[in-house]
Structures are given as C-alpha cells and as structure tokens.
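Based on these hints, arrange chain B on the given structure of chain A.
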Amino acid sequence: MIQQNGKTLLEVRGLCASVNGIDILKGIDLTVRSGEVHALMGPNGSGKSTFAKALAGHPSYVVTGGTVFYEGKNLLELKPEERARAGLFLGFQYPVEIPGVANSQFLRLAYNTVQAQRGKDELDPLEFDDFVREKMKLLEMNPDFLDRSVNEGFSGGEKKRNEVLQMALLEPRLAILDETDSGLDIDALRVVAGGINQLATKDNAIVLVTHYQRLLNYIVPDYVHVMDAGRIVKTGGKELALELETRGYDWVGAEHEAAAKATA
Amino acid sequence: MSTVLQNLVNQPYKHGFVTEIESDVAPKGLNEDTIRLISIKKTEPQWLLDFRLEAYRHWLEMDEPKWPNVHYPKIDFQSISYYSAPKAKPKLSSMDEVDPELLRTFEKLGVPMNERAVLAGVAVDVIFDSVSVATTYKEKLAEVGIIFCSISEAVHKHPELVRKYLGTVVPAGDNYYAALNSAVFTDGSFCFIPKGVKCPMDLSTYFRINTQDSGQFERTLIVAEEGASVSYLEGCTAPKFDTNQLHAAVVELVALDRADIKYSTVQNWYAGDENGVGGIYNFVTKRGLCKGVDSRISWTQVETGSAITWKYPSCVLLGDNSIGEFYSVALTNNYQQADTGTKMIHIGKNTRSTIVSKGISAGRSNNSYRGLVKIGAKADGARNYSQCDSMLIGDRCGANTFPYIQVNNNTAVVEHEASTSKIGEDQLFYFAQRGIGAEEAVSMIINGFCKTVFQQLPMEFAVEATKLLGLKLEGSVG
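Quick mapping for you: the protein sequence lines, in order, are chains A and B.
For reference, each letter of the first sequence is one residue, going 1 to 264 in our numbering.
For reference, each letter of the second sequence is one residue, going 1001 to 1478 in our numbering.
If we strip away everything but chain A, and leave its shape as in the complex, we get (with noise of 0.2 Å):
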C-alpha cells in the first residue's frame, strides 16, 4: 500500500536496453516505494519481460541508456549476483531446469548465501530442512519437492511456486515478479496469490508482470503502469486493470500516440 514516508526502493529514468543488438526499451520512468505493490501490464512484445531481466543483470539484455538507482546505489554497476544479494528478487517468467542439483541443497546454497550477505546465521541442513518446510506450508507444496532437481519435470505451476517460495526464503527488498500467474489453474493462482500476500510488507515492495487481471484480483495493485513498444505509457490506479480487460490494450497505446502528436 502507499505509504506517506514510503522509502524509495527504485528509481529508473530513461532505460533503454537492447537484446542481439535490437532495441527494446526505449526510455522507461519508474519509482517504487517501499511498501507498494505495481503491475506492469502491456501487450505481447511491448518489453515488459526485457525491463524485468534488464533490471536483474541478464548479459544477454544490454543497458543501451537512462539510469537506475536502488536503495541510493548505482544498479547498473552492480553484477547480477551482487543486485540478488542486495535483495533484488527476480520471479521468471520461465524458470530454467537444473539436472542432478536437487532442490533442497540449491536453495540452502541461494538462502545461506543471502543470510551471509545480510551478516545473519546460516542454517545447516537439518535446521534448513524444518525452515523450508515452514515455508512451503504457505505454497501448500509438497514436500517431495525438496529432492527432486531444480525445476526438473516441474508443471508449469509447479515452477511457479517454487519461484515463489524462493521468495519466500529469500525476503527480497524489491521482488519483481515475471508473469508469476501464468500455468496457473485458478486454485494454485489462488494459493500462490495468497503466498505472495503474505510476502508483502511495508519495507518490501512487488512489482507484478502480468497480461491479466484476474491475479489482481487477489492481489490489489496501488499502481498499474501500461507498457507499449518498449515505453511506459499510461499509469493509472488499480481501476486502470479492470479497464484493460474490458477494453483491450489498443486504445492506451493510440491515445498515447495522440497525445504526442498534440504535444509535438
């Protein structure tokens, strides 16, 4: 929710990032306080992935221009590793297959990791084993997940709630969450809505990449941001996400069109 004195997380001003030496984002504006939950909506191809990886240190997504700023530091500096362990959370859109690493010992590794950065104890793995499993109750998860291999022969939904329970270990400053609600069955977006709910605090913040409505349903954005050819083009309150789905996504991007010509 919005806060009065809401610390600012992020702040991106002109971001323009290419991809194999195409551009994609093309000046984007962005401010997330602490506290605040965003959506980030737009059609197909209008670079709402792009900004997501561009803002986690992919190397194939390439800062072209703009800068951005978390918690007062240089983003753009930092090495992708580093922006994680600063408590920057990327939620992917399609989370990679890891053969032979099982689940349990990979999220030991991520969690112990982060908890040494943030000057805290790390767990073995009989004391990571009872705090994951803490965890996983609030994804309704099974714990057999732990020893199979990351992601491997994981449902589509299945990926996705361990990328949310990745979160929930982690408890990132700013988690941005790449179309989380998509492979979903409207029980598990249900659960997995439910999770991230919890998640939310006034000192983090979220930000939700998503085609839909329907998982803001459960959770309530205070922002909705419109993104078209690699722009943010329209913000609004969440009122503007119902309006989406009755009308499309079209007209944002003409009345955007019309206003630059007016402006021009």
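None of these hints come from the bench; they were simulated from the model.
Zero decoy hints are in this set.
Facing chain A, according to a computed beta carbon distance under 7 Å, are these residues of chain B, among others:
#1 Phe1429
#2 Gln1433
#3 Ile1445
In the DSS-like style, the derived pairs of lysine-lysine whose C-alpha atoms are separated by at most 25 Å in a straight line are:
#4 B:Lys1374 x B:Lys1066
#5 B:Lys1451 x A:Lys159
#6 B:Lys1343 x B:Lys1378
#7 B:Lys1349 x B:Lys1195
#8 A:Lys137 x A:Lys202
#9 A:Lys159 x B:Lys1422
#10 A:Lys26 x A:Lys79
#11 B:Lys1422 x A:Lys79
#12 B:Lys1349 x B:Lys1374
The C-beta atom is built at its ideal place from N, Cα and C for all residues, glycine as well.
Structure of chain B alone, referenced to chain A:
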C-alpha cells in the same frame, strides 16, 4: 560463449612441472632388438621375451584403429624411446632413501605417501616413469598372503602366477595398442588376493609420466581368487610438455568364484594447452574377466586429462550370476577429445551389468561415449541397464553417444537411457539471480551431474575427484 564461462573452463594445468632426475633412456625406435634390450635390462625369463616378441609380430601386421571419433596426427612409433628408468640405485627399504627431488614432486601432486599414506591406510606402489621406486605396506599385506608389487618384481618372485594369468584377459594380439603394450611394457602393478581374503585396505598406485618423449607402457594384472575381494585405486598426473606423449596401458583383472574387484581411476594427465598443443595420447585397454560364478568386477573412472582418450574398461561376464559395472565421468575441455565407454559381454547365465556414463564437454572439446552390450546365446536371464548422460558447457563443444547392443538370447532384458543437457548463460543467470556466483554454480551443477558416479568412489578418492573437477572448471570469475 560468455566470458564468465570462458574464464571458468580455461584454468591452466596446475601439475605442469618436470622433475630433474637422471634418466636411463633407451635409443628411440622399435624393433626386435629394442624388445630384447628391455627384456635384458629387466633380466626377464625366456617365456616373457617370447610373449613380447609374439605380441610385436602381431602388432607389425595390425593397423591403427580408425573408428574412434578422435583426430590426431599420425604417430611415428620409431621416434619414441621405449625404455626409461631413473638411474639405477640400490633397492630402497624406507621412504628416507627416496630421492628428495622425487618426494617433492609427490608433495606437489598431493600423493598420499609417507605419513599421509599411513594415516589414510593406503599402500602406495609408486610408479615413476617405468620402474617402481618404493613400495609401502607390502609386508603388512604379505601377512594375509596378499601380493602387491611391481609387475617386474612379480615376474621374478612369482613367475608361475604371472605366467598363469598374463595375457589371459587381454591377449597379446587383442588390439593394436594392447599388442604394442604387450611387446614393450616396462612396468606396472601386480596384485594377487588369495582365496577367501578380503584386502584390508584400498590399494593405490600413482602413475607419472616424466621423461619427455618416452612412451609409457604400463601393465597391470590383478587376480582375486575364490571369495577374495579388493579395491584398487589408480591416480594419474603428468608434467606439462609441448610434444605429445603416447601412453598405451593394459590392465587385466581376473575374478574367480565369488571374488569381487573394484577398480577406481582418477586421471588428470596433461591435456595440452588452451590451443590444443601438446598433451598425452592415452590409448588404454582395460578389461576384467568375471571367470567364476557370483563374481563381480566394477570399474569407476573419472577422466579429466589427456589430449586424446581412447579407453573402454570392459567386463567379460563368463561365470553364472556374475556382475559387471562401469561408472564413468569424462570431462573434456579446450581441444581435448575423448572416445570412451565400456563393453559388457554376457556369456554366463543370469549375468548382470550396469553402465552409468557422464560426459562433460567444455571449450571446443569433443566427448563421445561408445559402449557395447552383448548378450550371448547361452546367457539366459541376462540383464543390462545403461544410462548415458552428456552435459555441454558453452556452445562450441560436442557430445556423442554410440551405443551398440547385440542380443542373441530372447530372455535378456536390456535398457538404455540417454540425456543431453547444457549449462548455458540462462542457468548461470538463474543461480546468479539467487545470489550464487558462476564458479559455485558450475561446481554445483557438475557435482550434481556426477553424483551417481562419485558415490561409487572410495571416500577420499571422491573428495579428490570433486576437487579435480572443480579445479578443471573453476577460475578467475568476473
């Protein structure tokens, strides 16, 4: 491939140094006189010279195998010196008498000799070039009737045993490189576990190639009599050279009724530099014969070195209910080429075999698994399970699987599973996004991938193998 990955896989070889010890090197070239010279140098009996000459005559009529998926310039067998021994010194009875230079070499390699050997309970039969320098624990083993010595010594002290078993699993004319080895082998290990004896400790040998341009031809023979069991460890490392060194070893295992032989290898020979210059050519014939009923032979190998690896540790399952196992990790990097796998030949009834092969390719390397499962007409109820997994690191390397299955008995059950996976940018990014750096990520992925094989290794060897793979793939990240 990203620079992070490139840094990871381009670690220089850490064991590249040459020990300066005076060597007694035979003139280059191979003919019957060379073979007679080796035999004289080693004061061998006539039957062994005859064995060598017969092998040599076979070899002359054979052609180098062309079928492996490896490419290298033609080897000039006349430019190799076939005998190299540290200058003759009186036989040593304790470690104190060993050349300090040699000890320092082992120190650098982390060979568990002297105190470490005692603590670890490992008997190390140290092979330095071609002649045994020191053997520890021999007396302790002798108490239970185990013979563990160099094969040269066995030829003199236990000629009847060597003569009875030598060449019975890998005949002198078996293949091109085995024939060459049979003709010119200079030393190796001999191990004999008598009836009913469980070897009280793991037996270990370190091989080391030292003299430049001296081809090395080891010969190892392990015999476990009825109800006996032994675990044998072979570890290898070699100094850095620019010219290719040929290595063609032969290992023969014989398991009689209810005997159990476990043979584990961790191999880290010089693989050439990052441009593919230099490195060891490793053409090895390893074969075990499950001669008796209920016998078992298990091969475990972790292959990380050599410019070229051509190696198929195999089991001939002759005795009814006998078991053959092959667990392998083969890692190739830069321009390394490996064509490795196994053969499981089922002859007896209810014989079983398991094959687990994990190939890891990085850089511009090429890694092939080649395996044969053959079920003979009389092998009623035979079973085989094969699993061949390949992992690619980066996008310039290759992995191939060549499974051959021949079944001549319709009661047999043969299963084959294969998979290929890739460590790419996206996987490393996934780890990074959870705060885990590339080095740790690669090590975790590789160790997870190899887990089923590492579990087969004796404890301290498993630790060494894990470190070795880390060393091969870790690096100056970022």
